[in-house]
Amino acid sequence: MMDLLGIPVPVLMGQLLIGLINGAFYAVLSLGLALIFGLLNIVNFAHGALYMVGAFVAFLLLDILGIGYWPALVLSPIIVGIFGMLIERFMLRRIADLDHLYGLLLTFGLALLLEGLFRQVYGVAGETYAIPESLQGGYNLGFMFLPAYRAWVLAASIVVCAATWYLIEMTRLGATMRAAVENADLVRAFGVNVPLLVTLTYGLGVGLAAFAGVLAAPIYSVNPLMGSNIIIVVFAIVVIGGLGSIKGAIISGFLLGLCEGLTRVFYAEASNIIIFVVMAIVLIVRPAGLFGKAA
Amino acid sequence: MPETMLKVKDLHAWYGESHVLHGMDFEVPKGEIVTLLGRNGAGKTTTLRCIIGLLKKREGSITFKGEEMIGQSANVIARSGIAFCPEERGIFSSLSVLENLLLPPKVAEGGMSLERIYELFPILKERGKSQGTKLSGGEQQMLAIARILRSGARLLLLDEPTEGLAPVIVQQIGDIIGSLRDEGFTILLVEQNFRFAERMGDRHFVVEHGQVIDRFERSEVEANREKIAGYLGV
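First to last, the protein sequences are chains B and L. Just so it is clear: in the first sequence, position 188 is 188 by my numbering, and no numbers are missing. Just so it is clear: in the second sequence, position 80 is 80 by my numbering, and no numbers are missing.
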């Protein structure tokens, strides 16, 4: 067996892969958070809960309607996205002119509400969701075994992140969104319905969370607490990448997943805190984040 | 006298509790350049922000082509055919020059084509890929004017387009605004620079303490030069 720095290669690669998979979830979730923060200027504390709801919607679609994984991957983000747009239209918009703290409190309350609701009905044990048949098994890469589903998660998140980046940075709609982030009033004065744009952005952001939730369902158990377990780490990653930076959210998501994986190999005890250590260092050295613009 | 494009009647406005416009009255005839003159803080910029709908706390009447606009929101007002070029120019730093130029959506047919805009502002074609705020002050002002010409809006609200610019650039901007009038645009121009306003305007309204206190046709300016200088404190 080959060794690298005294660690067997399959172990190292295995942990790096787990890190990369975690990083994929971090990236998709922090991307949604960054989008929402950019245009709505609120820290969306309900993001983790909506990720959990996304997984549950996939579970319920299968359990009640017999709708499988592939349709759920499209349907769940749409359902949760519409739910998010209703939240924005009827709750967040009412407090948009108030201090940002109110947005934080409102979304935090929503998160508790959603988690409590699912906990009441499904308990904390979690439900299992089978890997779709076409993605069972895996590939032997020689130095390690790559499960097909994990490869798919990685590919799907990279594609979704790239597509979202393209939408924001390369299209007319994206230019309008970036302009509205800078000066919403002026964009309205050009005749753009900015409130509608804000609603759609929130829908897109939480739709991404739900997409991550469906991807996660077969890997982790579908559990009412799955969102609150991951969201704190995702917040740290958004801070590291730079609040509101799309590119920063994507790149730091993947990087910090890898970083976590590496730490697990060399000093497993620190793997749960490494991201927060990085966050502390970044905040000291570059308070605006790795890709953020200084205010 | 040509038909009235914009009519402002007894317009009052508030920033929070402070009452800043106290019954503005003026009208903008179609195809003319009308200026609002006055000292800093007289209420000129506020008047433009009321017309485009960015100041919500407003009362009175603002009619555009006969339609009441006072209760409408900014995006609806803009869609009816009014374009706004703000004092601080409002060039977006996260957008390229071209993206800035293409940002305002079409609100009516008959907007200026990109080719025609590049004829008027050749520099914008050269610098298309640059970040919007990397342009010089004069170029940014040209971009701010250029981007509202594409939309098809026929009434342009220009807030101090010459502020902080070198005389040679002011001259160029004056030529451009003049050629816009020749192309049939109606322009409401807020200016502190009276020499520029005098050159451009077909009629002038003097604003003080949120009210129009005097008005002059182009032909009356010469005879009232001292009076106007007194109003503006120059």
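The set of hints was computed from the structure by calculation and includes no laboratory data. Given the structure is predicted, the values throughout are model-derived calculations rather than measurements. Quick reminder that beta carbons are idealized off the backbone N, C-alpha and C, glycines included. There's no promise every hint is true.
As the list claims (entries may be wrong) - Using C-beta positions, here's what the derived DEER-type ranges look like:
no. : chain 1 : residue 1 : chain 2 : residue 2 : range
1   : L       : Leu114    : B       : Leu173    : 16 to 22 Å
2   : L       : Gly230    : B       : Arg172    : 30 to 36 Å
3   : B       : Leu283    : L       : Pro167    : 33 to 39 Å
4   : L       : Glu119    : B       : Asp99     : 44 to 50 Å
5   : L       : Asp202    : B       : Val74     : 56 to 62 Å
6   : L       : Ser130    : B       : Ala270    : 41 to 47 Å
7   : B       : Leu283    : L       : Lys57     : 37 to 43 Å
8   : B       : Glu182    : L       : Glu226    : 40 to 46 Å
Now for the hints, and whether the structure bears them out:
A hinted range of 16 to 22 Å for the beta carbons of L/Leu114 and B/Leu173 is consistent with their spacing of about 19 Å. A C-beta distance of roughly 50 Å is found between L/Gly230 and B/Arg172, which places it outside the suggested range of 30 to 36 Å. A C-beta distance of roughly 48 Å is found between B/Leu283 and L/Pro167, which places it outside the suggested range of 33 to 39 Å. A C-beta distance of roughly 48 Å is found between L/Glu119 and B/Asp99, which places it inside the suggested range of 44 to 50 Å.
Separation of L/Asp202 from B/Val74 is about 59 Å and conforms to the stated range, judged on CB atoms against 56 to 62 Å. For L/Ser130 and B/Ala270, the Cβ-Cβ distance of about 45 Å falls inside the hinted range of 41 to 47 Å, so the restraint holds. Remark: the range hint 37 to 43 Å for B/Leu283 to L/Lys57 is upheld by a beta-carbon distance near 40 Å. For B/Glu182 and L/Glu226, the Cβ-Cβ distance of about 44 Å falls inside the hinted range of 40 to 46 Å, so the restraint holds.
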